[in-house]
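K.L.:
These are the residues of each chain, in order.
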Amino acid sequence: MSSEYKVPGQSGLVLAEELLWEKGRKGRSGASIPASKVPSAKLPAGLEGPGPDWPDLAEHQVARHYTRLSTWNFGVDTGTYPLGSCTMKYNPKINEELAGLPGFAKAHPLLPSEAVQGELQIIHELERFLAEIVGLEAASLQPGAGAHGELCGMLLIAAHHRHNKQKRTKVLMPDTAHGTNPASAAMCGFSEIKVPLGPKGYLEYATVEKLMNDEVAGLMVTNPNTLGLFETELVKINEMIHRRGGLVYGDGANLNAVMGRADLGKLGIDVVHYNTHKTLSTPHGGGGPGAGPVAVGKTLTPYLPGPRVVRKEDGGYEWNEDLPLSIGRMHAFHGQFRVLVRAYAYVLTMGAMLKDASELAVLNANYVKEKLKDLYDLPFPQHCMHECVFTNALQEPGKISTLDIAKRLIDLGFHPPTIYFPLVVHSAIMIEPTETESKEELDAFIAGMRQVALEARNTPDLLREAPTRTVRRRLDDVAAARRPVLTGDMK
Amino acid sequence: MRYLPHTPEDVKEMLDAVGVKSIDDLFAGIPPEARRDRPLDLPEPLTEWELRTRLEGLAQGGDWSVFAGAGSAPHHVPSLVPYLAGRSEFLTAYTPYQPEMSQGTLQAIFEFQTLVSRLTGLPVTNASMYDGSTALAEAALMAQRCTKRRALVVSELVHPHWRQVLKTYLDPLPDVEIVVLPAGPDGRADLSELSKVDKPAALLLQSPNFLGVIEDAALAAEAIHKAGGLLVSAFAEPFALGLLKSPGSLGADIAVGEGQSLGLGQGFGGPGLGLMSSKMELVRQIPGRLVGQTADVEGRRGFVLTLSTREQHIRRSKAVSNICSNAGHCALTAAMYMAAVGGTGFRELAKLNFDLGEYLKAGLLAKGFKPLVSGPTYNEFALTAPPGFVDRREELKQRKVLAGLPLKRWFPRYKDAWLFGVTETRSKEDIDQLLQEVL
Amino acid sequence: MKELSELNLPSNVKYHEEHEWVSQSAPFRLGISDFAQDALGALTFVELPEVGAKLVRGEEFGTLESTKSVSPLISPVNGTVKAVNEAIADNPDLVNSDPYGEGWIIEIEMAASELEAMLDVAAYKKLLEESAH
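Protein sequence lines correspond, in order, to chains B, P and V. Per the numbering used here, the very first residue in the first sequence carries number 95; after that it's consecutive. Per the numbering used here, the very first residue in the second sequence carries number -19; after that it's consecutive. Per the numbering used here, the very first residue in the third sequence carries number 25; after that it's consecutive.
Check each hint, because a few of them may be wrong.
What the hints assert, rightly or not - Per the computed footprint, the stretches of chain P lying under chain B, defined by three or more beta-carbons under 8 Å from a beta-carbon of chain B, are:
#, segment
1, 245 to 251
2, 304 to 314
3, 321 to 334
Quick caveat, the hints were computed from the structure, so don't treat them as lab data. Backbone N, C-alpha and C define an ideal beta-carbon position, used for all residues, glycine too.
Construct the complete structure from the given sequences, taking the supplied hints into account.
P.N.:
Structure below.
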């Protein structure tokens, strides 16, 4: 079966590369340093230090160093990256170029508004787009990444309750939530009440209803949830939460499933964050920068971070700092502006075709699910949204772990799916192909997954010893944690 | 649509494989009440060429000459840096959860941690925070955990926006007292107020501070340590540490800063790069990712994310922070910048920026400006302007020159005072011209 | 993971539902069972209580960390921490390699009657068997 779609993983030449300070030599330089034409000034005594002990390298050494390191990496541009819950869709190249325009790259954030009308227009329009896509009222672009958006949303909810003189100290949270949810709530002083999912993988009204009382600030819910399922009882649940004085935080990690299809306002969501690196195609950069804009309904709009861009009667834009109920600043300036430029460019490129993106993301996930369910255990058999969750239950009796499956996929040239999450599923394998993978690429990935399932039966050591084709094989993370070495030589 | 590869035949074959008739069937799980009943009201899609024209028209702020910093500074970026940082193996990767196929990111971040530690003089550096302001807020929370105390003392001369972010973070938390240390006549935090605070968790001090004044951090460290708290030393301009003593060498327990100057461009304020270093004994309370060195099964050096039990994906509500994605690619870019300029080059640039600032300051003083405060400054400084300056400053805007920022915006009592600064992106001639035109 | 038959479960200690053991006579030492150390995997860090800290049955007094998990240590008894095993602070792998010996965690000042609520080896084995099904 695997001959038709050849997996991409082959072996190739790997070049060794030292650490930066192992190749530097004092006296080299990799950058132009302007000569001084002004007099040398004197610092008062006692203030001067030695400066950092960084290596000196020639320009081409720096170029080679990072080019070699880059070949040890794997990105969406390298191959299929079906990392569940992370929406690793293609990152458009034009957006990189636009974010790098000198007009943006060299703009001081404190320029007078008349100098940055274009930048303010982007902020103003993108806020409207983001509110429109989810069906809410307003948005703020200040949060620096998804988790920061969660923090922002929970601060808004806390501010709302405080303004209404309500002492509500707890937050309901399904046990499928990302770890950021309880952590964000805790940063606002809320304690977590875990809500177990029902047997079909959904939140059940009766369960939530029993836990909701006047000490509860609201519900934090990821929808579609982290099992890739739309919460079917959520309308009723949210209506009940509101009736009892709570608010609903929607974790937008999985928005890529529902653009143009679900209306979060009608669903009863009061605030939702976007991960621009998921839904809106900005590159993740191996760890950020993300951007975590929040969209809100009417109730929470007055509390949004400030200052905010407003449109004047003459059509121009200016900052409004007069926001008496605002929670204040979330960022030193105006958020991750150049990340937001990429998101803005993406929305302008897609327009209403964002709906098609969501539809194809869902189609891709269901296709993969269908093609693998005979060889991998599928705990929730219904149609999924943009991601599907398998387990290693069929491989476990042969002592093959989820990790072994993931590592073997690396040798075959794929980034593995998310593993061991969500926690409620034992040894989960969570696959999110995204809409930008073509059918051929999905077929190749499916062939790879099927190959691994057969190898698990016939040649299990291939899995246990994997990966073997990478620059390094399995790394000892126990030793790393027992005796942390977090920097190179420090004199 | 170039980002959506599906042909109608693909869609049909895939629907058949799934066993449904239409895409609608896959969305049947969305309850009817929550379905969107109107199309997305977004502009008509643009082609790549239309998009470029549109965005080029909106990119407007980049050709201004701004003679002030206030937490964002223009510096030359070697072409090498964005060129290498743009390699898509780095740019289009996720957080390095699978270390065997992420050694590039991991080694680069390990090197970043090392270079920043050598800059701050503290042995632990995390893989970054969103920006300087959020790094400061997280450092305050970290200090509270480390000392099991609540009260915080913050200098009035910490960047006002950073202080606002700190307030946003702390507002919902019970029993957190924030005491603000006023500025003394030398433009340094008045440490005498510190003794009045009961059980401070930390003193948050910025040096050089918002007025550009170099604080006596060693004295501050001694005072706060005597009170049983930690010194959180902040900086908005890393070049200062190229010339001045490092926070670690002056006794700071935690150092936080904004790394935008290290090759990132100002970008209308973001993304920046939150830097955070600490003493080794505080490592279990530091937020964010850490990369550690280890070996693979064949004994070869390699790198992994480590000490993850501090983090949200494991410890959930008890995590030291909720941070997940940080500013990783900005950290990578900054490491490339640090590697390109090198220790020697950075020192030269740091000195050049100091000299340029002193040259501009001397020129303005000769024009009748007066120092607002008496302390020594690095690169930025606050002056009171003589009459006539305001009008000339407005005229200069006509040719896209911004001569200083008004301090009254943040400190109403400094009503005729302006914050100035200059970097290596301006020549002596630029400064001379400004001095001619400014009065 | 070890099979039940592979587990080392000595009969000279008492066990607890949370997979700790306590020695049957003074000095009362506490550690985790072979089952627990195997389930947790290689330990990387042990957060120990301070000497003199009060122990309350059913309450957390420290944590065990592996690279990917944090597990609370729940006290099976009421008492006071008399000593802590400093050796495991530096070498948490001792808890994995010798859970009933060099990998002990704390020593407790308590009444011998505190042991009465704990399980003997047969009852503990039964508990493990039941939870395996």
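K.L.:
Hint by hint, work out which the structure violates, then give me just those numbers in ascending order.
P.N.:
Result: no hint breaks.
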